[in-house]
Amino acid sequence: MAVLRDEMIGLRSMDDMIKARQLVRDCAIFQGLSLVDQTKIVTAASELARNTLIHGGGGEMRLQALNDGSRRGVKVIFADRGPGIPNIELAMKDGYTTRGGLGLGLSGSKRLVNEFSIESQSGKGTTVSIVRWK
Amino acid sequence: MERIPILKMGPYLLVTIQVDMHDRVAMTLQDELTQRIVSERARGVLLDISSVDVVDSFIGRMIGNIASMSRVLDAETVVVGMRPAVAITLVELGLALPSIRTALNVDAGMTLLKSARKMAGNGRPAR
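Chains as they are written, first to last, in numbering that gives the first Met the number 0: chain W, 0 to 133; chain A, 0 to 126.
Simulated from the structure, these hints should not be mistaken for laboratory data.
Everything numeric in this text was worked out from a predicted model, so none of it was measured.
Backbone N, C-alpha and C fix where the C-beta goes; we use that ideal spot for every residue, glycine too.
Misleading hints may appear alongside valid ones.
[Claimed, not checked] Chain W residues, not near chain A, derived (Cβ > 10 angstroms throughout):
| # | residue |
| --- | --- |
| 1 | Glu-6 |
| 2 | Asp-14 |
| 3 | Leu-22 |
| 4 | Gly-31 |
| 5 | Lys-39 |
| 6 | Thr-42 |
| 7 | His-54 |
| 8 | Glu-59 |
| 9 | Ser-69 |
| 10 | Ile-87 |
| 11 | Glu-88 |
| 12 | Gly-100 |
| 13 | Gly-104 |
| 14 | Gly-107 |
| 15 | Asn-113 |
[Unchecked claim] Chain A is faced by these chain W residues, among others (derived, beta-carbon under 7 angstroms):
| # | residue |
| --- | --- |
| 16 | Ser-12 |
| 17 | Met-13 |
| 18 | Val-41 |
This is chain A alone, in the form it adopts within the complex:
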């Protein structure tokens, strides 16, 4: 089965989804990502979906789950690169993903993660 690589960039993890995702690949990604957040002591996750041309309710739910799970593990998730047609479709489908942070590209997402960390950083125990 194909797997989605998880790359470490300093205190952050970068996940770029480039395949037309099987449901099971999505489930495996959730599992592996939560394990890596803990083992790498990651402070944030960048989820790059710029190559994804369809997000249905299953994949949308997976994106929401990743954000919730990583938050529980003290890491922020930023979803980057959503295509405009995908955004329009998701909202009409009824899945507005209100609790998810987004940025237009990886650079902007990284800036967002860094500023979130700086704001939360005062008095926060080091990992």
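With the rest of the complex left out, here is chain W:
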């Protein structure tokens, strides 16, 4: 699989989060995603960037434009070195929240993308990876 574009930005403030949304949008347009698919991956990225910021205490976002021969896509990876998620199964449930939000961040963003994976270690941090194909 070819990686056409690969960039990394820090997520340490609300300004970074807005910049992250714009970068994901640019990459989705570059890859030729439809307007609906662009909106889906940008919205998922916004949810996950906010998690990185609020729950992870900041971290990084890595953005890749993929081409696997037959199709093009956008991959976004969010990584923090925060406290980790003790129970991922519970955290993935609709409506589960630890901070008084709506509890749709993880479960909702999973519904908006084609591939979703999450790894978390207590005390070491959390990494979430999403892909939306054209």
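Please build the complex by placing chain A on the supplied structure of chain W, with the hints as guidance.
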């Protein structure tokens, strides 16, 4: 910090969101809007989101809060101009916003507010 202007149009308030919103800008808007509803004795709020290309769960919750708060203050909220891609994404995200009134554009939203007021108007104390 940037702020979102709140315009008075007769008994209604018009809010047009044209910036990529910071969470804090959204919180400030909630506060200012509820204060203006009371100080202007507003009967309705038109929230124009036609320039907004991303509504995530935080912004969605803010829209829901504005509608609930204004209802408690005896003003109706109509959300106007939601883009189709945003509507599809919001519903898939799990945020269908069932208690929110919507209209396709500001004109239709204004008509909705006026008719809601007429129906509720009989016997309602004047402000």
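Outcome of the hint check:
| no. | hint | verdict |
| --- | --- | --- |
| 1 | Glu-6 | 19 angstroms, holds |
| 2 | Asp-14 | 8 angstroms, violated |
| 3 | Leu-22 | 12 angstroms, holds |
| 4 | Gly-31 | 15 angstroms, holds |
| 5 | Lys-39 | 5 angstroms, violated |
| 6 | Thr-42 | 5 angstroms, violated |
| 7 | His-54 | 13 angstroms, holds |
| 8 | Glu-59 | 19 angstroms, holds |
| 9 | Ser-69 | 25 angstroms, holds |
| 10 | Ile-87 | 18 angstroms, holds |
| 11 | Glu-88 | 17 angstroms, holds |
| 12 | Gly-100 | 7 angstroms, violated |
| 13 | Gly-104 | 6 angstroms, violated |
| 14 | Gly-107 | 4 angstroms, violated |
| 15 | Asn-113 | 13 angstroms, holds |
| 16 | Ser-12 | 10 angstroms, violated |
| 17 | Met-13 | 5 angstroms, holds |
| 18 | Val-41 | 5 angstroms, holds |
Hint violations for this structure: numbers 2, 5, 6, 12, 13, 14 and 16, all remaining hints satisfied.
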